[in-house]
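*Asks:* Below, each chain spelled out in residue letters.
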Amino acid sequence: MKDVMGIVYTSKDDLTLRELTSQRAVAAVPVAGRYRIIDFVISNLVNSNIRNVGIIAQKNYQSLMDHLGSGKEWDLHTRNNGLFILPPYLTRENGGEYAGILDALRANFDYLRRSTQEYAILTTSDYVMTTSLEPMIQQHIKSGADITIMYQQVTPQLTEFSASSKNNHVYMDIAEDGTVKDLEINPNAASYGNMALNVIMIKRTLLIYLVDQAISQGLHDLEADVLRPAAHSGSMKILGYEEKSYYRRVETIRGYFNLNMDLLKQGVFEEVFGKTPVYTKTRDSVPTIYRESAKVANSLIADGCVIDGTVEDSVVFRGVVVGKGAKLKNCVILQDCYIEDGVELENVIFDKAVTIRKGERLVGPKQYPIVIGKNVTL
Amino acid sequence: MKRKKCIAMLLAGGQGSRLGLLTKVMAKPAVPFGGKYRIIDFPLSNCTNSNIDTVGVLTQYRPLELNSYIGSGQTWDLDLSYGGVYVLPPYATADSSEWYKGTANAIFQNFGFIEQFDPEYVLVLSGDHIYKMDYNKMLQEHIEKGADVTIAVRPVPWEVAPSFGIMNVDGENNIIEFEEKPKQPKSNLASMGVYIFTWEIMKKYLTDDNADPNSKNDFGKNIIPNLLRDNKKLYAYAFTSYWKDVGTIASLWEANMDLLKDPPEFDLTDPRWKIYSRTPVMPPHYIAPGAEVTGSMITEGCTIKGTVKNSVLFAGVKVAEGAVVEDSVIMPGSSIEFGAIVRRAIVAENCVIGKNAYVGEAEGDIALVGHGTALPEGYRVKAGEQVDTEEITRREAAEK
Numbered sequence: 000m001k002d003v004m005g006i007v008y009t010s011k012d013d014l015t016l017r018e019l020t021s022q023r024a025v026a027a028v029p030v031a032g033r034y035r036i037i038d039f040v041i042s043n044l045v046n047s048n049i050r051n052v053g054i055i056a057q058k059n060y061q062s063l064m065d066h067l068g069s070g071k072e073w074d075l076h077t078r079n080n081g082l083f084i085l086p087p088y089l090t091r092e093n094g095g096e097y098a099g100i101l102d103a104l105r106a107n108f109d110y111l112r113r114s115t116q117e118y119a120i121l122t123t124s125d126y127v128m129t130t131s132l133e134p135m136i137q138q139h140i141k142s143g144a145d146i147t148i149m150y151q152q153v154t155p156q157l158t159e160f161s162a163s164s165k166n167n168h169v170y171m172d173i174a175e176d177g178t179v180k181d182l183e184i185n186p187n188a189a190s191y192g193n194m195a196l197n198v199i200m201i202k203r204t205l206l207i208y209l210v211d212q213a214i215s216q217g218l219h220d221l222e223a224d225v226l227r228p229a230a231h232s233g234s235m236k237i238l239g240y241e242e243k244s245y246y247r248r249v250e251t252i253r254g255y256f257n258l259n260m261d262l263l264k265q266g267v268f269e270e271v272f273g274k275t276p277v278y279t280k281t282r283d284s285v286p287t288i289y290r291e292s293a294k295v296a297n298s299l300i301a302d303g304c305v306i307d308g309t310v311e312d313s314v315v316f317r318g319v320v321v322g323k324g325a326k327l328k329n330c331v332i333l334q335d336c337y338i339e340d341g342v343e344l345e346n347v348i349f350d351k352a353v354t355i356r357k358g359e360r361l362v363g364p365k366q367y368p369i370v371i372g373k374n375v376t377l
Numbered sequence: 000m001k002r003k004k005c006i007a008m009l010l011a012g013g014q015g016s017r018l019g020l021l022t023k024v025m026a027k028p029a030v031p032f033g034g035k036y037r038i039i040d041f042p043l044s045n046c047t048n049s050n051i052d053t054v055g056v057l058t059q060y061r062p063l064e065l066n067s068y069i070g071s072g073q074t075w076d077l078d079l080s081y082g083g084v085y086v087l088p089p090y091a092t093a094d095s096s097e098w099y100k101g102t103a104n105a106i107f108q109n110f111g112f113i114e115q116f117d118p119e120y121v122l123v124l125s126g127d128h129i130y131k132m133d134y135n136k137m138l139q140e141h142i143e144k145g146a147d148v149t150i151a152v153r154p155v156p157w158e159v160a161p162s163f164g165i166m167n168v169d170g171e172n173n174i175i176e177f178e179e180k181p182k183q184p185k186s187n188l189a190s191m192g193v194y195i196f197t198w199e200i201m202k203k204y205l206t207d208d209n210a211d212p213n214s215k216n217d218f219g220k221n222i223i224p225n226l227l228r229d230n231k232k233l234y235a236y237a238f239t240s241y242w243k244d245v246g247t248i249a250s251l252w253e254a255n256m257d258l259l260k261d262p263p264e265f266d267l268t269d270p271r272w273k274i275y276s277r278t279p280v281m282p283p284h285y286i287a288p289g290a291e292v293t294g295s296m297i298t299e300g301c302t303i304k305g306t307v308k309n310s311v312l313f314a315g316v317k318v319a320e321g322a323v324v325e326d327s328v329i330m331p332g333s334s335i336e337f338g339a340i341v342r343r344a345i346v347a348e349n350c351v352i353g354k355n356a357y358v359g360e361a362e363g364d365i366a367l368v369g370h371g372t373a374l375p376e377g378y379r380v381k382a383g384e385q386v387d388t389e390e391i392t393r394r395e396a397a398e399k
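Protein sequence lines correspond, in order, to chains A and B.
Heads up: the first sequence begins at 0 in numbering that gives the first Met the number 0, then just goes up one per residue.
Heads up: the second sequence begins at 0 in numbering that gives the first Met the number 0, then just goes up one per residue.
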C-alpha cells in the first residue's frame, strides 16, 4: 500500500507503569524477551507495505530514538519516505508534550503536508498485536468511508489487563451496516460491547482539515471533540472495522506482567509471532548457554543468557545470567540482569541490569508483582 | 580519492569438498557455525574489528548463498560509500573468460579492484577458519620488520603438523623454508592462510606467476617458493590464540563442541571483539514443560519439548517431545520429531528427522544429514554416514 502513510502517536501518560516508564515512553517498554512495544506497531505497518512512518515522540523519547535509529531493522531507511521521528520542539505554545493527538498532529503539520500518500493510518503505540492492516485498508477504500475505526468485541480477556486504568478507553455503538453511531469515552461501565483499538484510517487531506478546524476552535480531543459529534450528526461517514487478532493494551504493571505470562501459552505465542515477522533492533548477542545444572520449563528465553539455575513460567530477556541453584518462578527479567547463585525469585519484574546478590530471596504476591527499577543492586 | 592503507581479499571460492554433503548447495564460508554464525562471519568481523574497512570477497563455487548473506555488508558495518565489502566473482573480458585457476590467480584477476583503492598493503584471508585475530597488530609487525610478505603461523601439535603447510624460521622469525604437508616436519608452525603483502611485491610476483604457463597459480605452491628463491623478506607472525580449521565434518563438529565447554575454549562473548552475523528476525526460544536442556547453546526461534544435551542448536530448530539430541549440531530450521534420537551428528539446514529415526551413534564418527533432507520415520543413519534426499532415494531403489 504505497498510498498509505502511518502515524504512530507515543503517548505521555505513563504513570500507571511506574518504574518501567520512569525513564522511557510506553512505546519503548521492553516486552516478550527481546522487543519493545512499538516494534509490533511498526512491524504491522511495514508488513502491510506502508513505507512512510512518522513517530510522534514526546517526553522520554531518548530510548525510543536509540531503539529506532535509522529504521533499518524495519527496512524503513529508504531514499524516499522511510522512518521519521518527530520529536517535540519547543515553541511558545509547545512545552515538549502535547494535549492530545490533535495537538501533536498540528505541531507536525509540515510533515503531514509534505507526505504524498492519499491515506493515513493513525495509531497509538501502547498495545501488542500482530496483524495485517491490508483488510482494513481495503474496506476503507471500498466503502468510501471518511473515517474507519478499528475495534474489537469486548471480552473479559481483552480488558482484564487494563481494568484499573481509564486512559482513552473508547467504546462504540456500531449499527448493522458498520456505521459508528456513538462513542463513549472512559466510561465507568461501558454501555457498548465494542472497544476501539486506537487505530484509525482517514484521507490525509481530510485529516489535515479536521486537525486545523479543531485546533482553531480550541478543541483537543479527537474522540470527544471530532469523532463523536460527527457520528451523532452524520456529517462524516464513520465505519467500524472489526479486528479479531490478539490485542492487549499495556497500561498497568499487572497488565504488563500478565501479557508476558500470556505469551507462554502456545496459542497466544502463535497469534503474536506465528503470522508475520515482528522486527526489532538486533544486538549481536551470542546464543544462550545452558550449563549442566540448568532446569527450564515453560519459559521464553532470549539470546545471550547464561542459565545454570531453575527457571519456570518466566520470560527472560537478552544477556541475563541465572546462577547455579537460583530459582525463578513467574518472573519477567529484563535485559542484562544478573541473578547470582542460590537466589530465589517469584512474581517479580526486574527492569534492565538489576543485580541480586547470592542467596537473596524475593517473593511478590501473585496479583501484584514486585517491580525493581533499572540498575538496582539488591 | 584517499589512499587505503590496507585492504583485504578474502578467498571464498573453494568448494570445501572435505565437508561432503554440507557443501553440496553452498560454499564452505557460508556453512553455519556456532548457533547463529557462518564461517565467513569470523574473517569479516575480524576485519571490522581491526579497522580494515575494504574487503573483496572472491567467490566461485555456489555463490548464491554467500552473495545473499553478505548483501550490502551492513551486518559488519561494511556498507560504506568508499570501501566496504565487495563480492568478486570471476568475469569475462573481451579476449578471455576464465574461472579462478588458483588462489593467486583469483587475486591476480582482481588487480583492477585493488588498484581502485591504491593500497600500500593487501591482506589475504581464507574463509575456512574459526578464530579472532587483530590483523592490525600483524600489519604493524609487517611494517616494523620491513617485510615484503608476512605470514601468520600458529604452532600445532607435532603429530598433526604433516597435514599443514609448515614454515621453517630462523631465530628472528624470518621464514627460510616452506614445506607443504612435510612427512618429517622440521617445525610445527602451520601457515594459517593469512598473508600480508606489500602491494608492490604482490603486484610483481602475481603478474610474473600469471605469465608462467607451468604454474598452479597457488600461494603455497608457487608464490611463496618464488619469493623465498629471490631472498625476499618473509616474516612469520606468530599467533597463539584459538584457531581451528573447520574443513572437515569432524573438525567442524569439534569446533562447535569447543563452544560448550565451561569456560569455553573459544569465547564469543567478548564485547570488545564481537562477531557479527546476519540473524533472522525470530522471537526468543521457548522451553516447554517437561523439556530438558543442559550443556547446550540455544538461540532464537527454537522450540524445545524434548531433551537436548551438549549440543548447538541454530535458529528456528524444533525438538519434539520424546526426541533426544545429544552431542550434536542442528542447523537452522531443522526439526527433530517425536521419539527421534540424534547423537554425535550434524544435521544441516531445513531437515526433518522423522519420528523415531536414529541419526548417529553414541560412539564413532560423526553422522551427517544433508541440506533439506526429510528423513523417513524410523530411518537409521549410522555413525560416520552421510545421507541426503538423493542418497535415501538411491538406497530405497537398491532395496527394491
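No wet-lab data here; the hints were simulated from the structure.
Just so it is clear, the structure is predicted and the values come from calculations on it, not from any experiment.
Glycine residues also receive a C-beta, built at the ideal position from the N, C-alpha and C atoms.
One or more of the hints may lead you astray.
Said to hold, decoys possible - Derived BS3-like pairs: lysine-lysine, alpha-carbon spacing no greater than 25 Å straight-line: (1) B/K180 <-> A/K71; (2) A/K280 <-> B/K304; (3) B/K202 <-> B/K182; (4) A/K274 <-> A/K71; (5) A/K328 <-> B/K308; (6) A/K294 <-> B/K231; (7) B/K180 <-> B/K232; (8) B/K308 <-> A/K323; (9) B/K260 <-> B/K317; (10) A/K294 <-> B/K273; (11) A/K323 <-> B/K304; (12) B/K304 <-> A/K274.
Said to hold, decoys possible - Using C-beta positions, here's what the derived DEER-type ranges look like: (13) A/A188 <-> B/T268: 31 to 41 Å; (14) B/D133 <-> A/K323: 30 to 40 Å; (15) A/G273 <-> B/D261: 27 to 37 Å; (16) A/K280 <-> B/D261: 43 to 53 Å; (17) B/T388 <-> A/R360: 22 to 32 Å; (18) B/E389 <-> A/S69: 42 to 52 Å; (19) B/E395 <-> A/G341: 27 to 37 Å; (20) A/G324 <-> B/P263: 16 to 26 Å; (21) B/N225 <-> A/G273: 35 to 45 Å; (22) A/K280 <-> B/S162: 40 to 50 Å.
Said to hold, decoys possible - Residues from chain A that keep clear of chain B, each with C-beta distances beyond 12 Å, as calculated: (23) E18; (24) P134; (25) T281; (26) T287; (27) D340.
*Asks:* Quick one, are B/K308 and A/K323 close enough, alpha carbons at most 25 Å?
*Replies:* Holds. B/K308 to A/K323 sits at ~17 Å (cutoff 25 Å).
*Asks:* Take the C-beta atom of A/G324 and the C-beta atom of B/P263, compute their distance, and say whether it sits inside 16 to 26 Å.
*Replies:* holds (22 Å)
*Asks:* Does the claim that A/D340 lies off the interface hold, with its Cβ farther than 12 Å from every Cβ of chain B?
*Replies:* Holds, since 14 Å exceeds 12 Å.
*Asks:* Going straight from one Cα to the other, do A/K328 and B/K308 come out at no more than 25 Å?
*Replies:* holds (23 Å)
*Asks:* Does the beta carbon distance between B/E389 and A/S69 stay inside 42 to 52 Å, or does it fall outside?
*Replies:* holds (45 Å)
*Asks:* At the C-beta level, are A/A188 and B/T268 separated by a distance inside 31 to 41 Å?
*Replies:* violated (54 Å)
*Asks:* Given a hint of 22 to 32 Å, does the C-beta separation of B/T388 and A/R360 actually sit inside it?
*Replies:* violated (54 Å)
*Asks:* Closest CB-CB distance from A/P134 to chain B, is it above 12 Å?
*Replies:* holds (23 Å)
*Asks:* Just tell me: holds or violated, for the beta carbon distance of B/D133 and A/K323 against 30 to 40 Å?
*Replies:* The hinted range 30 to 40 Å holds for B/D133 and A/K323, with Cβ atoms some 34 Å apart.
*Asks:* Would you mind confirming whether the straight-line C-alpha gap from B/K304 to A/K274 stays at or under 25 Å?
*Replies:* Holds. B/K304 to A/K274 sits at ~21 Å (cutoff 25 Å).
*Asks:* Taking the beta carbons of A/G273 and B/D261, is their distance inside 27 to 37 Å?
*Replies:* holds (34 Å)
*Asks:* A/K280 and B/D261, beta-carbon distance inside 43 to 53 Å?
*Replies:* violated (30 Å)
Checked against the numbered hints above, the structure breaks hints 1, 2, 3, 6, 10, 13, 16, 17, 19, 21, 25, 26 and satisfies the rest.
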